[in-house]
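Asker: Chain residues, written in single-letter form:
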Amino acid sequence: MSTSNTSGLQGARAHARAMAGTRVEAMPIVPAEEATDLPLGVTRGAMVWEETIAAGGYAAKELERGARLRLVDLRGDACVSMLIFNAEHPIERLNVADTMKVQWNAYLQAGRLLLSDMGRPLMSILADDANTHDTFCGPSNERTPRTYGDSGAWGFHPNARGRLLLGVAKFGLGRKDVHPCINWFKGVRIASDGTTVLEAGPFPPGRSVLLRAEMSVIVVLANCPHVLDRRPTYEATPARISAWRGPITPPEDPIRNATPESLRAFLNVEEYFRR
Amino acid sequence: MNNSAYDGLPRAIRVDEVVAARAPWDGFVQAGETLRIVDLEGNQAVDFLLYAAHDDTERYSAQDTIAAQANILLRVGSILMSNEGRPMAQITATTVAYHDTIGGACSCESNTLRYGHHTKSHHACVDNFLLSHLRHGRGKRDIVSNINWFMNVPVEADGTLGIVDGISAPGLYVDLKMRMDVMAVISNCPQVNNPCNGFNPTPVRVVIANDGPASR
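Chains as they are written, first to last, in our numbering: chain A, 1 to 275; chain B, 276 to 491.
A portion of the hints provided could be inaccurate.
Straight-line distance between alpha carbons at most 25 Å, and here's what the computed DMTMM-like set of lysine to aspartate or glutamate pairs gives [unchecked claim]:
{"hint": "1", "chain 1": "B", "residue 1": "K395", "chain 2": "A", "residue 2": "E270"}
{"hint": "2", "chain 1": "B", "residue 1": "K395", "chain 2": "A", "residue 2": "E271"}
{"hint": "3", "chain 1": "B", "residue 1": "K415", "chain 2": "A", "residue 2": "E62"}
{"hint": "4", "chain 1": "B", "residue 1": "K415", "chain 2": "A", "residue 2": "E34"}
{"hint": "5", "chain 1": "A", "residue 1": "K176", "chain 2": "B", "residue 2": "E292"}
{"hint": "6", "chain 1": "A", "residue 1": "K176", "chain 2": "B", "residue 2": "E316"}
{"hint": "7", "chain 1": "B", "residue 1": "K395", "chain 2": "A", "residue 2": "E88"}
{"hint": "8", "chain 1": "A", "residue 1": "K170", "chain 2": "B", "residue 2": "D331"}
{"hint": "9", "chain 1": "A", "residue 1": "K176", "chain 2": "B", "residue 2": "D417"}
{"hint": "10", "chain 1": "A", "residue 1": "K176", "chain 2": "B", "residue 2": "D330"}
{"hint": "11", "chain 1": "A", "residue 1": "K170", "chain 2": "B", "residue 2": "D417"}
{"hint": "12", "chain 1": "A", "residue 1": "K176", "chain 2": "B", "residue 2": "D301"}
{"hint": "13", "chain 1": "A", "residue 1": "K170", "chain 2": "B", "residue 2": "E359"}
I should point out that these hints are in silico values taken from the structure, not numbers from a laboratory. Remember, it's a predicted structure, so these values are computed and weren't measured experimentally.
So here's chain A without its partners, still in its complex pose:
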């Protein structure tokens, strides 16, 4: 700790400035191009976001159309809840029901689209070596059953909804805008009687998901224990977030052309940008 005298302004300023350069695990790297261990093939200058979200933390960022967003479950126990908005018109947002129904499947994996409520892909999934994700159960909230005590955002066991609320608020959005979310890395499968079966992990470290922005988007992320996680202690580990500029999806893209529904979704987004 600094031994500066903070009773006066000069001492207080010196104390504050002495913190410069401190590195902790969960923090943004600014500028993002100073990140170490860049994704394979990504040039330094293309990086637009590099941040590690603590267990219980959150982050939000605007990304341009074409950007790649990589989420890494660093130590195998992250659960990244995600909201997505059209950055130009945030009234357009992720619709998990349409995402499942239009693609005739409930389980997210490489090749799938994350669809908005306006019939357009907000993002697509380029790669996924986790294959345990959840479109059903949403974020935890302050009333989620737990044994570890207080879950307020001001404490040490924040709930995911509270984190998402703060994330959307930073973009001028509010309580009505925390729409149904996706939970990455913790899986929920549906049994034949409709039961939700949690794949809770912990999993091997380093599993990742790679997304591509098909529109300019605002992503809001929270990293809190899954709502169905009944472990007695608050179990979560940090998630690394990296994003970089990338090309807009070309007409020959295999995900674009994979199904008739996917093709029409891309035709809609291409029409949206035809101005």
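Dock chain B against chain A, hints included.
Answerer: Chain B only, in chain A's frame:
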């Protein structure tokens, strides 16, 4: 109206209306009152949302409801949860084995993906929800994942999912007893491109009953 439609309800009938095929409906229902929705002609999906009357930023949440009961199907006993994790209503009776809350509402825009751009002009549940919301100071951001009464959405082992022929029949119903004062919003689904309405949208009946002075 045939009074057998009141079987099992509290004695005082405050509301008894028919919602036309393809139409929206909304109404306040008080804590303790029972809302019955009757599938008059069979296999008619009824898209449904709830908003807390005191603060409509609190509303039905499909994800909280699924997480709280650890099951995607709505059956007798299911408690409909809000986005704040509070009980809004409970299914106290239903003559249909289960109902859906993962399929969402049809929209003009999603119709273009599901069926082709020739269906964009078809009326859709999102537009019904908007028609209701715009009367009450709400709008598009208030539309969240809803309930589909009388709709059948199986999920197979590999995650394959979709809307298939319904398991409802003429006269079957669902009863909801409210745990808080709410506004209920209905879209009597106009979809004709999948089997959710048997390819023929039909009217449904809405009854609200309470324990006040007997009306019958």
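Asker: Could you run down the list of hints and mark each one as holding or not?
Answerer: These are the hints, each one checked on the structure:
1. Straight-line distance between C-alpha atoms of K395 (chain B) and E270 (chain A) comes to about 17 Å, which keeps the hinted pair within the 25 Å bound.
2. With a C-alpha separation of about 15 Å, the suggested pair K395 (chain B) and E271 (chain A) falls inside the 25 Å cut-off, and the hint holds.
3. As the CA atoms of K415 (chain B) and E62 (chain A) are separated by approximately 22 Å, the hinted pair is consistent with the 25 Å bound.
4. Among the hinted pairs, K415 (chain B) with E34 (chain A) is inconsistent with the structure: their alpha-carbon atoms are about 41 Å apart, more than 25 Å.
5. The suggested pairing of K176 (chain A) with E292 (chain B) is violated, with an alpha-carbon distance near 30 Å, which exceeds 25 Å.
6. With a C-alpha separation of about 35 Å, the suggested pairing of K176 (chain A) with E316 (chain B) is violated against the 25 Å cut-off.
7. The straight-line distance between the Cα atoms of K395 (chain B) and E88 (chain A) is roughly 23 Å, inside the 25 Å bound, and the hint therefore holds.
8. Distance check on the hinted pair: K170 (chain A) and D331 (chain B) sit about 22 Å apart at the alpha-carbon level, within 25 Å; holds.
9. For the proposed pair K176 (chain A) and D417 (chain B), the alpha carbon gap of about 6 Å is at most 25 Å, so the pair holds.
10. Simply put, K176 (chain A) and D330 (chain B) have alpha-carbon atoms about 11 Å apart, close enough for the 25 Å limit, and the pair holds.
11. Annotation: proposed proximity of K170 (chain A) to D417 (chain B) holds, straight-line Cα distance about 19 Å (limit 25 Å).
12. In summary, the hint linking K176 (chain A) to D301 (chain B) is supported, as the alpha carbons are separated by about 19 Å, within the 25 Å threshold.
13. About 20 Å separates the Cα atoms of K170 (chain A) and E359 (chain B), which keeps this hinted pair within 25 Å; it holds.
Checked against the numbered hints listed earlier, the structure breaks hints 4, 5 and 6; every other hint is satisfied.
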